[in-house]
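Participant: Modelling step: build the complete structure from the supplied sequences, incorporating the hints.
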Amino acid sequence: MEATKAKVQKLTGSKAMSLAIEQAMLKDDKVFVMGEDVGKYGGIFGSTTGLMEKFGPDRVMDTPISETGFIGAAVGAAAEGFRPIVELMFVDFHGVVMDQIYNHIAKITYMSGGNVKMPIVLLTAVGGGYSDAAQHSQTLYGSFGHLPGLKVVAPTYPHDLKGMLASAIADDNPVVFMFHKTLQGLGWMDQIPSSLGPVPQEEYFVPLNKAKVVKEGTDITIVAAQMMTVQAMNAAAELEKSGVSAEVIDLRSIKPIDKETIFKSVEKTKKLLIVDEDYKSYGYTAEVAALVASEAFYHLEAPIGRLAIPDVPIPYSPVLEKFVIPDATNITRKVLQVMNA
Amino acid sequence: MEATKAKVQKLTGSKAMSLAIEQAMLKDDKVFVMGEDVGKYGGIFGSTTGLMEKFGPDRVMDTPISETGFIGAAVGAAAEGFRPIVELMFVDFHGVVMDQIYNHIAKITYMSGGNVKMPIVLLTAVGGGYSDAAQHSQTLYGSFGHLPGLKVVAPTYPHDLKGMLASAIADDNPVVFMFHKTLQGLGWMDQIPSSLGPVPQEEYFVPLNKAKVVKEGTDITIVAAQMMTVQAMNAAAELEKSGVSAEVIDLRSIKPIDKETIFKSVEKTKKLLIVDEDYKSYGYTAEVAALVASEAFYHLEAPIGRLAIPDVPIPYSPVLEKFVIPDATNITRKVLQVMNA
Amino acid sequence: MSDISKDHLIWMYKKMKMSRYFEEKMESAYMEGKQPVFNIGAGPVPGEMHLSNGQEPAAVGICVHLKKEDTVTAPHRPHHNAIAKNVDLKKMTAEIYGKKTGLGKGKGGHMHLFDPEVKFSCGGIVAAGMPHAVGSALAAKKLGQDWVAVAFIGEGAANAGAFHESLNLAALWKLPFIVVIEDNSWGISVPKKDSTCVPFNDVRAAAYGIKGYLVKDNDPFEMYRVSKEAVERARRGEGPSIIEIETYRFLGHFQGDPELYRDKEEVPTLRTKDPIDRVKKHLIDNDMATEADMGAIDADIFKEVDEAYQFAIDSPLPEPEEALEDMFV
Amino acid sequence: MSDISKDHLIWMYKKMKMSRYFEEKMESAYMEGKQPVFNIGAGPVPGEMHLSNGQEPAAVGICVHLKKEDTVTAPHRPHHNAIAKNVDLKKMTAEIYGKKTGLGKGKGGHMHLFDPEVKFSCGGIVAAGMPHAVGSALAAKKLGQDWVAVAFIGEGAANAGAFHESLNLAALWKLPFIVVIEDNSWGISVPKKDSTCVPFNDVRAAAYGIKGYLVKDNDPFEMYRVSKEAVERARRGEGPSIIEIETYRFLGHFQGDPELYRDKEEVPTLRTKDPIDRVKKHLIDNDMATEADMGAIDADIFKEVDEAYQFAIDSPLPEPEEALEDMFV
Ligand SMILES: Cc1ncc(C[n+]2csc(CCOP(=O)(O)OP(=O)(O)O)c2C)c(N)n1
Ligand SMILES: Cc1ncc(C[n+]2csc(CCOP(=O)(O)OP(=O)(O)O)c2C)c(N)n1
Ligand SMILES: [Mg+2]
Ligand SMILES: [Mg+2]
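Chains as they are written, first to last, in our numbering: chain A, 12 to 352; chain B, 12 to 352; chain C, 114 to 442; chain D, 114 to 442.
Don't read these hints as lab results, they were simulated from the structure. No experiment lies behind these values; they were computed from the predicted model shown. Just so you know, nobody snuck in bad clues.
Once the Cα atoms are required to be at most 16 angstroms apart in a straight line, the calculated EDC-like pairs of lysine to aspartate or glutamate come out as:
| no. | chain 1 | residue 1 | chain 2 | residue 2 |
| --- | --- | --- | --- | --- |
| 1 | C | Lys254 | A | Asp40 |
| 2 | A | Lys128 | C | Glu230 |
| 3 | B | Lys128 | D | Glu438 |
| 4 | D | Lys287 | C | Asp307 |
| 5 | B | Lys128 | D | Glu230 |
| 6 | B | Lys51 | C | Asp370 |
| 7 | B | Lys51 | C | Asp307 |
| 8 | A | Lys51 | D | Glu372 |
| 9 | A | Lys333 | D | Glu432 |
| 10 | C | Lys138 | C | Glu417 |
| 11 | B | Lys345 | A | Glu306 |
| 12 | C | Lys255 | A | Asp69 |
| 13 | D | Lys255 | B | Asp40 |
| 14 | A | Lys275 | A | Glu227 |
| 15 | A | Lys333 | D | Glu434 |
| 16 | B | Lys333 | C | Glu435 |
Simulated restraints, written as ranges between beta carbons of each label pair:
| no. | chain 1 | residue 1 | chain 2 | residue 2 | range |
| --- | --- | --- | --- | --- | --- |
| 17 | D | Glu345 | C | Asp120 | 58 to 68 angstroms |
| 18 | D | Ala409 | A | Glu64 | 49 to 59 angstroms |
| 19 | B | Glu64 | C | Gly257 | 54 to 64 angstroms |
| 20 | A | Ala352 | D | Leu437 | 21 to 31 angstroms |
| 21 | D | Gly322 | C | Glu351 | 21 to 31 angstroms |
| 22 | B | Asp183 | D | Leu437 | 15 to 25 angstroms |
| 23 | A | Ala352 | B | Lys279 | 13 to 23 angstroms |
| 24 | B | Asp183 | D | Pro304 | 42 to 52 angstroms |
For glycine and all other residues, C-beta sits at the position ideal for the given N, C-alpha and C.
Facilitator: Right, here's the structure in full:
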């Protein structure tokens, strides 16, 4: 179901998300939200703005700082037919609750031979770039992408944030929904144009397993997600000036990876650069490269480029952080490097 | 320092490990062991056999089932100059303690600007193949390889288990030491020849960051670790009969990956198959393939082969488990596929 | 005279006996294909096997008060809990045999039994079932139902973080949640005194302002009584409870456990206090049943269990490719 | 008459004042480059900033009893704890400014301050410092030293699993471990009554068979007294304690917090009970110091803090490539 073009308002990422949740909650009283500061505060990163006022504290529940407790509780609630949306405030905290996520939420459907459904959405904020340092700036796309049983999405633009969140809530399987802080359009963070965009009011669904070509091009394919998509778009605009036509693919889905869209692009461009705000080793720069090198090898005419956090924790000092997180400048540089390899 | 050839006894993997720990404990009274059932039981998978009798309960400490508590306690003890060896009984349980491992143990040295050392060894048992099902059969190499700040090793043979454990204990940085249950040579598991091997009695050190060519060959490179190395060796022997000469590389180090050894081999063979007992997506089949496709691309003459757990939890029933864990038969098949691609 | 009705006592006896007989059969079924050389991965029932012989009072003493809509979560040692919660015995046995007809189509196995029909589940991660039961209790409250959720754990699990988080949540939200701590003295090889800083976990109720109960000496009758109170309180919306029961582990932690860590005298001593015998004696002494009645009951149970095994044995294995199914619904 | 020595009171006053002045300067330093439009990532001190104004009694009341060899771990709101533990103020300030001369060469930042010289550390994960302190206490015991390890946490953190695991371990092993719970009523926007099932966390000591203390109304003197007892007990090998102190958060959770969740009257009321004023008044009322003495003390403190800021401001930033250093030693 695609959205109609009429009366398309502009919303921030966070408003797009809370609208998706609101619509799902209105439609289905089995949908409820749990998390730290999701109530009065509306979510530290605005994902549940205004919902507490609309639905009350029974359906928008502030929790203690007990991630294993309340995210684990989503399992029991889901088994009883509820559709819990639980928020892990920063993805960086996943280590205190990873067992519930990957040994239970992710595996119960399989271990039960398909007899138990786990319609759980795990919202979590990702990303750095504002000096929140090693324990509050990660994306950890790869940590979740590695584990079977989870659909893992990381939408970039408000339109997709709403449409993919609607799909996630409607899905009978667990979905890890990663939203990027800088793309929420929050008043107290860096405000970037991409964090505001057209978002249809009515309900619509964007598939959870499809990448999207956000800019067409012929010379090289750049695969990216969230802020790296934004940076890649900036780089592509820059490159255009020097006559390099880059195609930019917004990954959107971390697991599964939409390899068809990527292969099709690489077939055309013959060259590939993958850009990630996650650690390089075992991240999606690895997975995408491996997919292409094993399943679309003959499309390739040059070594694959990988640009990601160079396997160090995110440092605090802005000068250091800037060095490790890829931006348009070093994407441009890397594109030229791949083109000339 | 390499071991001399004199009086080389044969030991099982588990005995090799406990000997390494014993020697380190004798030499340095700051080394101690903590974990569930590491005392009288000697470790469920025999990694601490006999140590409690030799060193007493103050240095070989049985703990409650409080992984965050005692593995987190290793941080404080390490900061005080101790060299804790802590055991996480099955790697599958990492989710209850992942925060301590990756946000603290792995990052403190970096966050402190190198001012705090974390000489911690985290022992953990990995691997399936004996119907222990979804929560007790994983290797999770990729989950640990993805995160910066940890050296992650997964030795195969008793010689390396001892030598690499000695290196791990001597290292001033945190090392995740994964040992494979089936390679421990335990009396109550499948007893395979590779779990018994020559192990010098005297102390020796095998580097933590070097892969090893365990069989030379000219037609294709097979990269593997632990049980997949064993299976690859079996496959290679089989292939030899039909005239295919496979070179087998035992990865040994999951992080960092010894890319030079791999590149050198692929330069010779031009073909690459990577075999993993971990989940396929975002595992080392991805990382190794990406390294080659980005940094040794022109060595390659065929698409890279990847063989791993097909992104499902490990099922219980032997017939299902056998289907998902690669073995010599499907390695052989896959080699031929890569050769003819 | 007994304060417990005959019906309830007979029910408890039946479930205890069924669990015991089921597990005794399992003891030998498990050894098939593992002789003369034990190999955990061999035979028709491979993998770890944790039996609960001796721990039956913990399960039946509370489950007798439960209905179908109440939830039970259990840990790695789940058979007695499952049987007391009326899990489909045929499908459960088939699951343990890795068969297509099993509860999880052979994908789960002995540690991962899911029977949504009777709201039973279990898992292999210590204490991880507690938050699940809290979630079920939350659901019951949301639905305005008087359903209760019971999480069984071992005494070793009471030192895991999930224990604390779950109880705080349940108490904070006044949920119909009960944790039953089966204190069999051991967490694998580690005795309770080396894992737990207090002698009994009922005192931990103080940390949550809830009720704590302690049942000594594996007493099925006392377990019945305190459970009745706890379940009734939960149903009335009076919040969670901790019940700890001192129980007995007649066997090793898992089958094949050399048990070098425990005194050779411990089990024989415990076996003299078999709780099943106690219930039987009580029934007979109180004229609620004759030896003949009990014999008939036993015969029925043996038949039902034997049939479940036969069903499992006769059932087909899954096709290998089914390993790729049931990932998503 | 005071049961607390003048030296100790003066020390406490100094540290409280230093912390307060340090943070008041930080409040404005933090806003540099963030005006007129607030942007958390902008300015010379970017990222989250959690200030502790009002919570000083928790820190000084116990740290006055500590020595260099004792360990302190703190959470995301660490400045008062760090200052009370004598962390190098220059290097700490430089770290917060992301400078090469900082404690962590600019890699750690405000939430990740490590000063091994005085055995201080902190971190951004709620309750995660507790196991670390347990490990330090274990080390002290192994070394046969009378060193103590203190973990500071917020009242919100007392519901995390790490709390339970740490206390059970510490009690089981009778370690010289103390957890100080700074109950400032709030975990970000969540009031204690919505996060914690008991009114006060001292009762949770019962779950571990240890001592629990409660300090009401942010009382620096009472904090001194109970801490003295707890520290002495720990040094004597009498095991761990829980100390909860009702304290005040004068500012938002972090700087920039709109605080829509709390009553506009709360902070002004709390501010009338400023604990620094109470200590000062006590010193003067008990003839331990004159207004002039206090003025001189303040002047010294202002100077020391100003110098630390100047040091930080004057220090060089790291080179970008240094991001790749210090991964391993
Ligand atoms: C988080 C976690 N840690 C460790 C284990 C390994 N393990 C399985 S059972 C067990 C002992 C459990 O003891 P207890 O809770 O007393 O239960 P019992 O086995 O006595 O029934 C341990 C340590 C696990 N499954 N999960
Ligand atoms: C494991 C974890 N969960 C959530 C957070 C996010 N968080 C940071 S501070 C905080 C509130 C802490 O409250 P409290 O412990 O009372 O400390 P206070 O901020 O009041 O000093 C939360 C939820 C975190 N840092 N770590
Ligand atoms: Mg037990
Ligand atoms: Mg607080």
